[in-house]
Amino acid sequence: MEDKKIFTDPDLTKRTVIGPNGEDITVDPIQDYFCDALPKKHEPKRAKIFESFFNWARAESIWVLGFGTGCGSIELYPLLTPRFDAYRFGVQMRPTPRQANLMIISGYLSVKTLKRAIRSYEQMQNPKFVMALGSCTINGGMYFDSYNTINRLDKYMPVDVYVAGCMPRPEAILAGFEALKKRIKAGKAEGANLYAENFETYKKNQKKIIRDWNMPDYNW
Amino acid sequence: MSIDWIKLLFTLLGLFIVLNYGLLQYGMIRRITARIGKRIGMPVYQPYIDLIKNYSMRSQITHGVMFYLGPVFRLAGGVGIFMFMPLIYGSYYWSNYSFSGDVILIMYFMFFGMLGMALGASEGGHPYSFIGISRGLSQFTTVEVPFTLAVIAVAVQHHSFSLTEIVAGQQGGIMHWNIMTNPFAGIAAMLAFLGMMMASPFNVVQAPQEIPIGPPTEYHGTYLGLLQTNRAILYVSESILMVNLFFGGATNWIELIVKSFLVFFWPVFVGLVFPRFRIDQSIPWFLKLPLILGIIGIFMV
Amino acid sequence: MEYLTLQNIGLVTGFLLILIGLYGALTQKNILRIIVAFTIFDAGLNLVIVALSYIKGRVAPIIDQTTGITNLSEKFVDPVPQALVLTSIVIGVGVTGVMLTFALRMFKTRQSLDINDFKETKW
Amino acid sequence: MVSPVHIVSIGLITAFLLGLGKKSQQSILVLVLLIATAAMTMISGSWLIGIMTGSVQPTDVFTAGFKPPFAINLRMTMDEAVLTTMVNLFGFLTVIYLFDVLKNAGKHLLSIIVVFLIGLNVIVMTRDLFNLFVFLEITSIATAGLMIMIQDSKSISAGFKFLIASSVISGILLIGIIFAYSYIGNLNIDFMSNLSLIKGGSVAVFLVLSAIILESKQFPANGWALDMYESAHPAIGSALSAVSAPAVLFVIYKLMPIVPESWHSLIGLFGLITFTFSNFLATRQGNIRRMLGYSSIAQGGLMLTVVSMSTFFGNSFWFIILGFLLTNFFAKAGLFWLNGMVNSDDQNKWGVLRKRPVLFFLFGAFVVAIAGLPPFPTFFAKWEMIMQLANGNGWGWIVLILLGSIFEISFLFKWFGRVFHAEEEKINDIRTPWFKQVPVLLFGAALLATSYYFVEYLNFDVLFVMLPLLIVTVFFAIDFLPAFVKNLLLIASLTIYGYLIYPEIDGNVMQLVFMGVFLVGGILTLIPGFTQKGTRAGFYPFAAMTIFGLIMLVNPADNLTFFMGWEQMALGSYILILRGKKAERPAQQYMLFSAGGAYLMLAAFGLLLHFAGDTFFGHLNGMLPGGGVVFVLFALAFMLKAAAIGLHIWLPGAYSEAEDDATPLVSGVLINSGVLGLFWIATAFGPQQLFGYDIYQIMGWVGAITAIGGNMLAIYEEDMKRLIAYSSVGAMGYIIFALSMNSKLGLLIALYYMVLHFIYKTMLFMSAAGVIYRTKTRNMYEMGGLIKSMPWSFIVVLIGIITLAGMPPLAGFAGKWMFYNAVVMKGWYLQGTMVFFSGIVAFLYLYKLIASVFLGQLKDNHRKLKEAPFVYLLPQFIFVIAIMVLSVFPQVLLEPLATIIPDRIPGEALHWDGKLAMTSFGYWNAFSVMSVVIVMFAVIFGWLVYHSRKAQKVKQFNIVFAAERPFRPETTHVSYNMFAGYKKALGWLMTPLATRFWTGVSDWSMAIADKMRSWYTGNGQTYAMHLLLYAFVLYLLISGGKIL
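Chains as they are written, first to last, in the working numbering: chain A, 127 to 346; chain B, 623 to 923; chain C, 2 to 124; chain D, 85 to 1128.
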């Protein structure tokens, strides 16, 4: 009888409120509060020269979403210190997913965090990139048989660069940035479009893990 | 009504110069900031790349009409200040559209962008936008008081609100600059300038660690590009305003750039040294020393 | 001794009565006593009226054998106040009567004749 | 012509006849009484008419065949005819009114009524002192008899107290009479003119006079009278107030010739003290009848003043006394009678009157008449009295009258407001049989007729006063029509009126501007009224009254017209405000402050008359030497209306609690009357000094503080309308500041800003009204995200706030730009900076207004809102167009406005070079600024729209929320206490000093009144003591401190 345990969120269930003139207004939060459009694929510019110019700019200006998961987030901060100074490579931290291009999944993802990570990822704008740190995002690492962590990140979102290690040192992450830049400049970093194209698959995978997905499929 | 096309061309050229200068200046400042933190820092041209990248974002979202208008207002405000600002003393073509109005027009045009931005960000509906805006507006009220006193002092001193006149009155060497002839007003304005630039210690408006980045939380892509463009233009324009008001204006571009860079370096310098004020600390701060200096400045005339 | 005329005695007595009456009216707590005080007050008033009109050596303005019918205006005291005093007495009686009526009714409502018990309307 | 003595004889015969009747024939007896009173009325009435038309000569009736002084004579002249008619008519109506009571009462009551009437008639007519005494006593006994008509312990004990008091009084009177007789040898008033010259004779005069004064219930020796008013049957109370008091006052009038000249003013002063203090004590009264009693006594005091100073008032005496007498007669009687119908002394139960619109209207008319507001006779009488007093330098007197009037207004309108708002469930049923209604209706009609004659007598301008009054009257008459018809009619009549009046004022730019503001404002603010359903009873007459009152201010022929317009506007707007659901207290505050302002103005008019003669204050043309006080009084009065800081506390409540669609009228339009006045005094008086201080300097500071204070207060408001209301305070501060700069530019700013403030504030209030109409709430934190459902309203608010903030390129900037120039020219840097600061502070609340209502998160219950109705939007967009035109071509307005400002005002004017505005300090070209901005804006917007053409539209919760989602709109929308940080930083500026001060004033005066009225202990003996003390003090004052 697992069904009974499913928690229904009172903020997301339909409800009736009384309008100013005494009329009944039915509010369906999912419908009314959230945009339920699905992601679209955004084609690159047809003119090759423009596209490569833009890709160069994207590669040289990587804005990282400050979202730390797992133990790897501690390895991110040294990037900004004089010793490693990721700014040199055009890498900057942004506090809001709307403005960020790169999401760094810095370690294992518990199911709960995965949900948030996906939301944040979806709120980033195309083109967007994902860098995954550590073994945990590749095969679960030491949490391979944990009941509440995922094993493979790229089942849930398209990953551009994996940086191996447990955890990778900042130098490795810097190398990861370089690799990502190459990928972007080569026009291969089309993760956002990949996600949009294979949205159903990704969503299915995500929902398999996240039982209480009670929001519209795509978080705008 | 005949339009002076050559003048328009010069104005646009000036705008282009100022935009580039602003972006480079920003890069430069970031670089200098990095060096103070013993880092190497980003390339000087990094702001260009950021700008291009933002304009090249493929997807965008919108929260409504006002969401669009916010950045438009903001940039129009910034460009407006530039448009009504005489750049080079004695040059007809580099005086932009300053014949439309005097320093008061410029002062009030600052609000134009602020209010528009505030409305646009509010349309986004993000609570942090509201909080950031309420802080920004609150702080702005007292920032402007010493600044206004200083402007009035200068205007009284030169018997004109016209920036051209004010610059003309300061010609003839460093001792004629208003910062020398009326140091109190000058210092009051420079202190107020800290607040206008929203640099630390007065950057609680955007407070990245606290309310992501305040008003523009929801802005991205082209919107953010507009805002960045505006920042480049606005900061330089405001620096030029300070140069015109207190540092003798400029008779050529080199002088203008050097002076405005030095003026702009003042809030950066302060910001690197001091930590951030809370909003209820920063608001009264401007009503203390800067206000007193401003009042002395006005009665010095 | 020249002040000790009948008129002055009347006047002084009258005013004394008036004062006594007023004093009584202002200090007595019993309504009936107040009414009595007012009758004293009235009596004093009337006495003053009569005394004021008294002229030494003259008689009351009533024609009888002793007065004859000639030169009456030199024999009589001023007749007008006499008439006034009659009216005044009548009115005094009337007022006293009304007051007594009120006293009766007041007693019926409260079973009390203390004037301090009738202060429900104030301020 | 029937001899007046037959009034008495008919009465006596009737009294005897009634004695003969049997209990079973009570109805017939009542009929007999009715006929008798009718006959008495007819006799005195025929004399009145005869004397008025001149067909009959005033006459003396000699009794007993002798001429006075040997016998009693009754005189019948105009005065007596008026009074006896009043008495008898009143008696007649009382009989009708008491029909049910009399039918069931004993026959003695009928006799008592007749005796009472006879007594009063003779008191009025007789010229014989002793006869007077006799009939005073008879009246007293009859009054005592009437007191026990209702036989509860209250009225019995009150009757007894009355008997005690009247015994004491009659004692004093009798001694006085007898002394007078012994000195002078007769009893006729006409033969006593040299009594006071005889040694000791003045004591006799004093005794007689003081007895009568005591009889006229002067403060503070009047406890017995108050108790009577409180406990007697309302019809009897009404008789005491409406006929007894005037009769006694008439006796004083008769006695005045024998009273030494030097006493007159002292008696007058005592009367005035009664007026002031009785009204003062009445403010603490909850019991209606006692309150009416206080009020009657106060009116009596005022009339005593007039009567005792009849020689001083000279030709105006009749005008003044009739004004007070008739108003008090009709209105007080009417109110007492209404009290009898409502049958409750509890103000809360008076709400029942609302079920009878006609009676309710009359109730209002009575209250307003007593309060001395136009167009009722008291208003004109008070005006004339003050003018005369001012002529004679009676400043202290004026202060007392005005103080008393303020107290009067305070309690009367508290009552009125309570009746207007008393809750339905507390309302019991009202019994209004025809015989109770008829007297009230008659007296109501008579009051209105009297008012008509007074207005007619004063010969007002036809087009500017009589026509408006006529229109207002018509709207009272057609109040039963549906709302939209009346709305249409009012708009039409305003339009036609504008058309009629245009040729009159064409060429006078100032009048055109203000008339435009008032007329156009009136018309446009009425348009939203089309959404109203039903009859909307009572709105349109008062809306018309307000608007036409404003119009009267624009082109007044003299000070009186101006003042009348002012009061009329105050009254009309008071009702409009009172109509709001929770407006009782705010409306009361509004009325009090309005009245305060009006009375300050009245005092100023008095002073002006003294200094400058009978000129209209706006036409003084320059310096008025030593007019500092006048100027300050005027300035205070107008600043009250314009809500300068400290005097502003009425404004937020009044504006926000008024009906939503009436708010633009009472705020945006009406507040300009204050500006009009200020502008007038600023141009007419020139710079003035008070105690060596430059008044303009002070006003400048007041304006600056007002600007900051108003705006600061607005920041923390959560109520949409209160926020806009406080913003009005700020704007008014700005205008006051600009005016007090006293330079050409300053005045230009004030005028320009007046027009602009009118436009944007009306617009904002209407827009707010539209939003409130849809959302049914005024709290901004309950709204949010309305831009999607109400885009047009949003645009209006946006334009409104940009204008308000003074941002280029819209019209508001013109004001700011001129302001800087003016400040720098004037040298008021500090004040100027304060005003500038207030301007930036305005951003805070403007942002709050637009953001928390239109932006942010849409609330659940507002999901299905529609745009505000078209009739709300139409006027708003007319205003928007006006703003747009002004923004591009400010010279359209600024150039004509500049012509209004007289040349003698110092300072530099604004120069125009084509589209370029110039001063010696700066320049500004609105057209080119606008062009630059539009081009720039369009380019950037085009660029952005092109770039973001594919942007995905998202919904309200699609925001980054730290990887979570918002829970509810209510918890996501930031609005409540939005500027908490600001409060923390600068909240100390908001210490509500003004509110505390006024609350303190009110609390203290209440406490003092409470303490003072405990003087009336309720003990008959104490009251008797009061009488003696009063006489003693009066004696001491008259004799100059010597006991003998």
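In short, the hints are calculated from the structure, not lab data. There could be a bad hint or two in this list.
What the simulated footprint calls covered on chain D by chain B, stretch by stretch (three residues with Cβ under 8 Å from a Cβ of chain B suffice, anywhere in the stretch; the number is not a length) [claimed, not checked]:
no., region
1, 167-176
2, 866-873
3, 1103-1112
Capping the alpha-carbon separation at 30 Å, the derived lysine-lysine pairs in DSS-like fashion look like this [said to hold, decoys possible]:
no., chain 1, residue 1, chain 2, residue 2
4, D, 238, C, 123
5, C, 109, C, 120
6, B, 629, D, 999
7, D, 999, A, 281
Every residue, glycine too, gets a C-beta built ideally from N, C-alpha and C.
Against the structure, the hints come out as follows:
| no. | hint | result |
| --- | --- | --- |
| 1 | 167-176 | violated (count 0) |
| 2 | 866-873 | holds (count 3) |
| 3 | 1103-1112 | violated (count 0) |
| 4 | D:238 / C:123 | holds (10 Å) |
| 5 | C:109 / C:120 | holds (16 Å) |
| 6 | B:629 / D:999 | holds (20 Å) |
| 7 | D:999 / A:281 | violated (68 Å) |
In terms of the numbered hints stated before, the structure departs from hints 1, 3 and 7, listed from lowest to highest.
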